[in-house]
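*Asks:* Next come the chains, spelled out residue by residue.
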Amino acid sequence: MWSRPSGSAPHSPIRCDLPDAQEGDRPRSKHSIVFDPQRCVGCVDCCKACPTAAIRVRAGCAVADPDLCIDCGECIRWCRHGAMHAATATSADLRRFKYTVALPSLTLYSQFGKDVEPGQVLKALRSLGFDDVYDLSAMCDMHASATDAYLSECRGPWPKISVTCPAIIHLIQLRYPDMIDNLLPIETARELAAKLLRRRLVAEKGLGPGDIGIFFITPCSAMLQSIHHPEALEASYLDGAFSIAEVYGPLLGAIKANGPVENPPPISERGLLWAMAGGEIAGLRNANTITVAGVRDVLRVFDHIEEGKLQAVDFIEAYICPDGCISGQLTVENRYAARRTVQQVVRRHGRQAGEGAAVPEEKVRAMLQEHFFDLEEHLQARPVRPLGRNLREAVARKREEERVLAELPAKDCAACGAPSCAAHAEDVVRGQAALDDCVFVRIERLQEAMASTKEPVHD
Amino acid sequence: MLYAETFQIRGGDFEHGGEVATRIKSICKDLGIRPDLIRRLSIANFEAEMNVIMHADQADLSFLVLPEAVRVVVADRGQGIPNIELAMTPGWSTATPEMRARGFGAGLGLPNIKNSADEFHVESTLGVGTTLTYTVRLA
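Top to bottom, those sequences are chains F and W.
By my numbering, the letter at position 215 of the first sequence is numbered 219, and the numbering carries on one by one without gaps.
By my numbering, the letter at position 118 of the second sequence is numbered 129, and the numbering carries on one by one without gaps.
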């Protein structure tokens with residue numbers, strides 16, 4: 005079950021504008037999603053939306069199995085009652101550091117309409133109370149070069165799959181454990197940017213590495229979770245995250261107040277595209293690539309990969325959210341408008357900067373030799389637990405599950421609290437639910453009971 | 012035998028190609044079969060399923076769980092394979108241009124199944140049909 009907030013902990017904004025400190029507002033579990041039983045009405049929207057069938061509605065309240073939750077945030081996206089939220093950082097987290105830096109997801113640039121420049125967003129972000137802000141687009145640019153270099157020397161297994169979306173990593177660990185080696189062993193641009201930035205600040209400002217707090221501005225719960233529990237790092241180079249939604253209001257005000265920015269920082273248009281699905285592969289030299297986004301499509305494509313199809317493809321960029329990070333559940337702007345904004349900004353910058361705006365190749369080559377981009381630790385599979393402790397027990401339960409499923413109405417109505425009849429059948433054989441939690445089974449049993457107690461009818 | 016399930020596959024049914032392989036994969040995960048073995052079995056199942064769809068009228072694909080192995084028997088009603096040795100040659104295919112346009116017919120079906128499995132057997136009678144049997148050992 006997700007951790008529940010121990011006190012009522014409303015998110016209110018820092019140093020003045022960012023969320024305020026509340027003891028115990030941190031999830032106690034390894035997940036980033038906090039669940040508010042006061043707001044849950046016991047509908048089954050989240051339960052049906054969850055790609056790993058982790059959620060059940062029990063006693064009128066949603067609960068999630070922590071072993072199955074991949075922090076994708078689909079429950080946050082679909083909940084109409086605000087019963088789930090992401091446990092982001094607070095102003096107290098900022099006060100732990102002498103020097104604070106905001107590292108916004110590139111998605112942040114897409115949230116304020118087509119006329120607002122990335123430079124304006126960065127300046128406004130700084131005015132919220134960070135000592136410094138850092139643009140991620142240049143690192144995405146370098147990341148693309150590193151990916152190309154890796155793909156040209158890699159010997160498979162094919163296709164390689166991007167690790168940008170942490171929910172995708174979790175999904176593979178859980179549901180596609182044999183595809184672990186398909187994951188691209190290159191660290192994410194956000195972690196690499198924080199690593200580089202911390203090095204630079206230590207050298208330039210004489211700060212200790214622990215004095216610097218680098219905070220990500222995140223479009224989703226999955227990236228937030230990856231900071232507190234990274235999969236391929238002992239500890240994240242980031243110190244926490246605020247959501248785009250919670251900084252949106254203060255930022256919008258600051259952007260308006262500041263007006264246009266003179267001498268904006270250089271932005272890589274190849275990097276800017278990373279905010280949306282298709283952006284990561286757009287910057288690659290290797291064109292033998294695919295983008296897949298959205299829960300259902302991702303599951304389908306991963307099934308294909310597991311069956312040995314798509315081996316002729318070199319690289320797959322995959323996102324749980326339907327249009328990449330611009331459709332993250334912690335964003336504000338609708339994703340179609342956000343996509344247009346990214347495209348317009350890229351077009352403007354493409355005209356202004358032209359060729360040569362990218363990071364010099366020699367620099368990337370030197371960093372490659374230093375293994376700067378490599379994942380620090382091996383990703384591990386965490387397969388779903390089987391039905392039994394051994395093959396015989398599992399087979400016996402599988403047969404039982406099939407018998408139970410045959411008794412269920414195949415409506416997948418979720419009234420029992422499980423997302424589908426198949427999930428309910430599994431719960432029954434695992435001893436986590438009763439067959440007659442199904443309303444159809446219950447009605448049938450009641451009718452049978454009534455029929456058998458009736459007096460026989462005589463003419 | 013611990014468990015058996017039979018699935019029907021229709022020739023020409025490209026729309027549902029791969030669904031049987033996916034269903035068997037899901038059963039194997041529930042049974043706790045090792046991921047690398049599931050993957051090998053899935054690759055073989057997918058190839059076998061597509062072979063039926065491309066070349067046969069229909070088939071029964073039976074999935075059997077034995078104490079120490081999983082076995083699949085694919086018995087199709089179809090034209091049969093005139094020359095099994097030739098069909099086992101990588102790159103050899105009778106696929107029509109239409110099938111090739113869909114990305115099939117690379118001539119790797121049977122060789123792929125053989126490579127993915129620990130045991131492989133094929134029997135064919137011209138004008139009647141073909142039966143494939145392949146096994147992946149669990150130990």
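Incorrect hints may appear among the rest.
Said to hold, decoys possible - Only part of the chain F face toward chain W is listed, based on derived beta-carbon distances under 8 Å: (1) Asp-182; (2) Asp-185; (3) Pro-189; (4) Gly-257; (5) Lys-260; (6) Val-265; (7) Pro-268; (8) Pro-269; (9) Glu-311; (10) Leu-314; (11) Leu-391; (12) Gly-392; (13) Arg-396; (14) Lys-402.
To be verified - Pairs of lysine-lysine, DSS-like flavour, derived with a Cα cap of 27 Å: (15) F:Lys-199 - F:Lys-209; (16) F:Lys-102 - W:Lys-125; (17) F:Lys-52 - W:Lys-40; (18) W:Lys-125 - F:Lys-34; (19) W:Lys-40 - W:Lys-125; (20) F:Lys-209 - F:Lys-367; (21) F:Lys-415 - W:Lys-40; (22) F:Lys-209 - W:Lys-125.
To be verified - Here chain F is said to cover these stretches of chain W; the calculated rule only asks that three of the stretch's residues, wherever they fall, bring their Cβ under 8 Å from a Cβ of chain F: (23) 64-77; (24) 85-91; (25) 131-137.
Keep in mind that the hints were calculated from the coordinates and are not lab data.
Yeah, the Cβ is synthetic: ideal placement off N, Cα and C, and Gly gets one too.
*Asks:* What hints, given by number in increasing order, does this structure fail?
*Replies:* 2, 3, 4, 5, 6, 7, 8, 10, 16, 18, 22, 23, 24, 25
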